[in-house]
Amino acid sequence: MSLSADDHVVVVGAGLAGWTFCEELRRREYRGALTLVGEEEHEPYDRPPLSKQVAEGKWELERTSLVTPERRAATEVTWRLAERAVELNVSGPFVELNSGERLHATRVVVATGVRARQLPWRTPETMTLRRRDDAERLSRALHSLRPSDEVVIVGAGFIGAELATALVRRGLHVRVLEAAPIPLAAQLGPDIARAIAAKASTAGVNLRTGVEIVGISSEGGYSDVLLSDGSEYHARLVVAGVGAEPALEWIAGSGLATAQGILVNEHFEARARIGALGDVARFPWRGEPTRLEHWQIAHDSARTLAAWWVNGEALAPLVPYFWSDQYGQKVQVLGRPHPEARVHVVRGGLDEDRFVGLYERGGLVSAVVGLNQPRALMLSRPLLVEETSMEEAFRLAPWEG
Amino acid sequence: MRVRVNYDLCSSNAVCMGIAPDVFEVRDDGFLYLLTDEPGEDRVAAVREAVGACPNGAISLEA
Chain A
1 MSLSADDHVV
11 VVGAGLAGWT
21 FCEELRRREY
31 RGALTLVGEE
41 EHEPYDRPPL
51 SKQVAEGKWE
61 LERTSLVTPE
71 RRAATEVTWR
81 LAERAVELNV
91 SGPFVELNSG
101 ERLHATRVVV
111 ATGVRARQLP
121 WRTPETMTLR
131 RRDDAERLSR
141 ALHSLRPSDE
151 VVIVGAGFIG
161 AELATALVRR
171 GLHVRVLEAA
181 PIPLAAQLGP
191 DIARAIAAKA
201 STAGVNLRTG
211 VEIVGISSEG
221 GYSDVLLSDG
231 SEYHARLVVA
241 GVGAEPALEW
251 IAGSGLATAQ
261 GILVNEHFEA
271 RARIGALGDV
281 ARFPWRGEPT
291 RLEHWQIAHD
301 SARTLAAWWV
311 NGEALAPLVP
321 YFWSDQYGQK
331 VQVLGRPHPE
341 ARVHVVRGGL
351 DEDRFVGLYE
361 RGGLVSAVVG
371 LNQPRALMLS
381 RPLLVEETSM
391 EEAFRLAPWE
401 G
Chain B
1001 MRVRVNYDLC
1011 SSNAVCMGIA
1021 PDVFEVRDDG
1031 FLYLLTDEPG
1041 EDRVAAVREA
1051 VGACPNGAIS
1061 LEA
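Going line by line, the protein sequences match chains A and B. Going left to right, the first sequence walks through residues 1 to 401 as my numbering numbers them. Going left to right, the second sequence walks through residues 1001 to 1063 as my numbering numbers them.
None of these hints come from the bench; they were simulated from the model. Some hints here could point you the wrong way.
Pairs of lysine to aspartate or glutamate, DMTMM-like flavour, derived with a Cα cap of 20 Å [to be verified]:
| # | chain 1 | residue 1 | chain 2 | residue 2 |
| --- | --- | --- | --- | --- |
| 1 | A | K58 | B | D1008 |
| 2 | A | K330 | A | E249 |
| 3 | A | K330 | B | D1042 |
| 4 | A | K330 | B | E1025 |
| 5 | A | K330 | B | D1029 |
| 6 | A | K330 | B | D1028 |
Between the sequences and the hints, there should be enough to build the whole structure, so can you do that?
Printed below as a string of structure tokens:
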């Protein structure tokens, strides 16, 4: 079942997952045909800097490119950029493009990622930040701001908090409006989330939580954001960071997709000859189907499927990881934090500038969170590679190393 | 095989250390230290994994 020179692999989605997969196939000396379809006109680029270095004005957009001349030379692919896949036929298999052309394949990989959720109100001043074109539009809008202008960010999730931090560093007035009483509580649980949100003010970010937006209207180049308590914000720019959803309409007819993503096995196969990577994949993590929109999942899922398809090699199960640079803090999480899990702080304290916490679920360590503690966090990674009881974790105390 | 770190790109996420702690060490000062810049052949696979897994693309390998 390993790939041979007679195969044709079609990869749909030219983000980190799709591109890394192509690179890994060639690095493992797959010599067959390889086609990479991407809806955007841009070659694959890295998204995390868009809300960090690029938003702060420290990096030009070109610097986010994942395709250097060396990497391009090492990875021979047939590029189909600025083309959108509209159908996946799993029995063919083939992928149909919006032009009507069918790409017949022996294997297909779905890596179409997620798209930013939009606010119900659209004005000329509202936007989201997900793609390179969004970042370019944001950059242009920022250059037209006057010093007195305020930027309103809707949502204090990861994108909202990172963007707010970056814009404050540019010297802009930033107001963040969050619906939940505690931002990120649904992801990290209330205690850790509260400790992180408490850093907003020290970073110069005006954060208002527990607010409900009832309308956004536009006039004279400004948007007025109206809250249910009657307060109103006059913004030259409104950026929504209100989550994302899998971009899977194009495979609706394939029987593979659900609203929760594409169910895959430990090799990231949805069926024989069909793979799904990155943000769209629901992979087994400790027995539970898990879909995570993390950079590292995109990367590691691509490595995992490539190793399996080219060499029949099963890589070690990935350990979920993400990081966020927000409010001047480095937040890092390994594993899967459940919001209702009990958190044991094992280093530092929640009211301090640094801490490490263990999430306990079913008597096991289910996640480790760190604030400004990269060393202690990564030393704790073995607690998640193998299932580890809380008792054993405290005995080993790897974070002390 | 030589390991190189571009310290302008490194932001001490310590992902490399999670993969190959015998080669990469982020210390309590928050900086990354290379414990060896010429790891043995048996560590090539792990170092290559760390090169790819670095979210900042800060690590490279030279023959």
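Results of checking the hints against the structure:
This hinted pair checks out: K58/A and D1008/B have alpha carbons roughly 12 Å apart, not beyond 20 Å. Proposed proximity of K330/A and E249/A is contradicted: the alpha carbons are some 35 Å apart, above 20 Å. Between K330/A and D1042/B, the direct Cα distance comes to roughly 32 Å. Violation of the 20 Å bound is thereby established for this hinted pair. For the proposed pair K330/A and E1025/B, the alpha carbon gap of about 17 Å is at most 20 Å, so the pair holds.
A distance of roughly 14 Å separates the Cα atoms of K330/A and D1029/B; the hinted pair therefore holds under the 20 Å criterion. Using a Cα cut-off of 20 Å, the hinted pair K330/A and D1028/B holds, with the two alpha carbons roughly 14 Å apart.
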